[in-house]
Amino acid sequence: MEGDSLSVIKLKDILLVTVPDDPGDNVIQELQVKVLNAMEKFGSKGLLLDISSVNVLDSFFARTISETTQMVALMGGRTIIAGMQPSVAITATELGLHLGKAQTTLDVDRALDIFSDSSS
Amino acid sequence: MYHTQSKYIASFNEWTEQKEFINFTEEDESYLKKLHPYAMNYADECVEMLYEHLLKHDATRKFLTDEKTLNRLKLTQKAYFLDLTSGDYGEDYFNGRIKIGMVHQRIGLPPQMYLSTFCYYLQTIIPKIYSYPDLGTETANKMFMALYKIICLDQELAISAYIHAVDEVITRQTEEILEMSTPVIQVWEGVVAAPIIGTLDSNRTHQFMERLLETIVATNSPVALVDITGVPQIDTATAQHLIDTINAVRLLGSQVIITGVRPAIAQTLVHLGIDLTDIITRPTMASGLKVALDRLSLRVIDMPKGMQGV
Amino acid sequence: MDVKEAGHLPITSEGDMITCRKAIRTLATSAGFGMTDVTRIVTSVSELARNIYTHAGSDGVMRWRILLQADKVGLELIFEDQGIGIANIEQAMQPGFTTANSLGMGMSGVKRLMDEMDVHSEVGVGTTVKIMKWGRAK
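Residue numbers (my numbering), protein chains in the order written: chain A, 854 to 973; chain B, 1252 to 1561; chain C, 2 to 139.
Mixed in with the good hints there might be a few duds.
To be verified - Here are some chain B residues the structure puts well away from chain A; computed CB gaps all over 10 Å:
1. I1448
2. E1465
3. S1472
4. L1523
To be verified - Straight line, CA to CA, 27 Å or less: simulated BS3-like cross-link-like pairs of lysine-lysine:
5. K73(C) - K887(A)
6. K5(C) - K112(C)
7. K1350(B) - K73(C)
Hints were generated in silico from the structure; no laboratory data involved.
We put the beta carbon where it would ideally sit given N, CA and C, even for glycine.
Please take these sequences and the hints and turn them into a complete structure.
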């Protein structure tokens, strides 16, 4: 819900963020700040962004994701975005949005597999 | 999509253009108006003659089987008849004619019978026009010409009703075919396959794109095989949609493998100037499947002899 | 063409943008648009509303109308502001036009998502953007 705070959860050596369905700009900006702070605090190797609830992905959100991915990379982590909804993927493609260097997976499980594969 | 207006004579404005082309002028309208009182005179007789003729022929008699229908039709016919010389050929006239055409199409009267009836009409009316001594040959000629023009215009509207009805059937069937002919099937855990057959237009590609992505998510498939062997060519707009589809699937986190790219499509895609470096293609769906299995770290091995069914 | 419903919402803050998104989502869904079309429409609302409250430098309003034509349902949205205006509309409509912090970002994308788009703008006076999406009536 708009106005709700975003939680950044530490899962072993990665950070998990579950994005709510219609995040306002402040929530999105908060995401970036909280993630970077958590990266510093825990020295995480990765960021897992769960967007399976998100039903609008506009250019602002896409840009923030792209920037955050770059920032996380600078701090030594990789970013995976999981669970994009079909209609969101179609709209984002038609809008010409890019998510930067972030990798995408169908769901959170696959993302976790990738993270554990790369750390083993 | 159901359209309530025919694209053959889609609007009153287009019919007005036809009137201009035929050279149906205000003068014609005035001659028809002049003819009107005479028409009121011989209307009943002409209608009778017409129905006598229709009843004599099998093709038309079958629509006139009962007395009640016959009498009702005769009245409608008379009204139609008198409308020809009413002098008002505006939007109401236009709408009325289209409606009548649709009724005739709906009851199943073959279009050629409908058009021939117009011809028979003229045969009953023309002698009448020339039968009035007070009219004079020149006036009668002008009336004949005007009547001929308005009957031609009526025929155009009648035919458009028939064409429109056929068009509706085609549209409906096209939609059904569209739904049936872009299946997206899970062929193995993690692999969906979508063979596309026939021409791809914007509408179809949109539907396909939705169905493909939804199936990928529902079956949790990291690989999608899209076979376009059955698509001989596409226009640039559709090619763009196809590229969108590939990119959208990528955004989801899955990989698209395109198989069966025909020469014309290869040309269109390259000419579009899109970055095609990340698109995986193979000549056949079978070879695409090999790539898919490889991606999933799966391998097909030969079973030792005698082990089938174990 | 029949107007089935109409209304408007203010765009003066970020909260308004969210309100607009939610309202149009409900509207488009109940008008019978499919999920992907609803997403296209709501995303366009987000882009255009954001343009107003972020860049235009003035308050704005979003007007909407639901239209019925033959068997088609149309959703018309008009975004108006009295802000700085777009200096070069043609340039703004080019794909990839992404000058940061300028009005008109994302407009070429919206054009792709919608069926019709109309932009009128005058520097120092304001901007009006009209967009339209058609779907099959239920």
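Assertion that E1465(B) lies farther than 10 Å from chain A (Cβ): violated (5 Å)
Distance restraint between K73(C) and K887(A), which requires alpha-carbon spacing of 27 Å or less: violated (46 Å)
Least C-beta distance between I1448(B) and chain A, which was stated to exceed 10 Å: holds (22 Å)
Minimum Cβ-Cβ distance from L1523(B) to chain A exceeds 10 Å: holds (15 Å)
Proposed proximity, K73(C) with K1350(B) (alpha carbon, max 27 Å): holds (21 Å)
Check on S1472(B) being off the interface with chain A, judged by Cβ distance over 10 Å: Nearest chain A Cβ is 8 Å from S1472(B), so the label is violated.
Pair hint outcome, K5(C) versus K112(C) [Cα-Cα no greater than 27 Å]: This hinted pair holds, its Cα atoms lying about 24 Å apart.
This entry does not satisfy hints 2, 3 and 5, going by the numbered hints stated previously.
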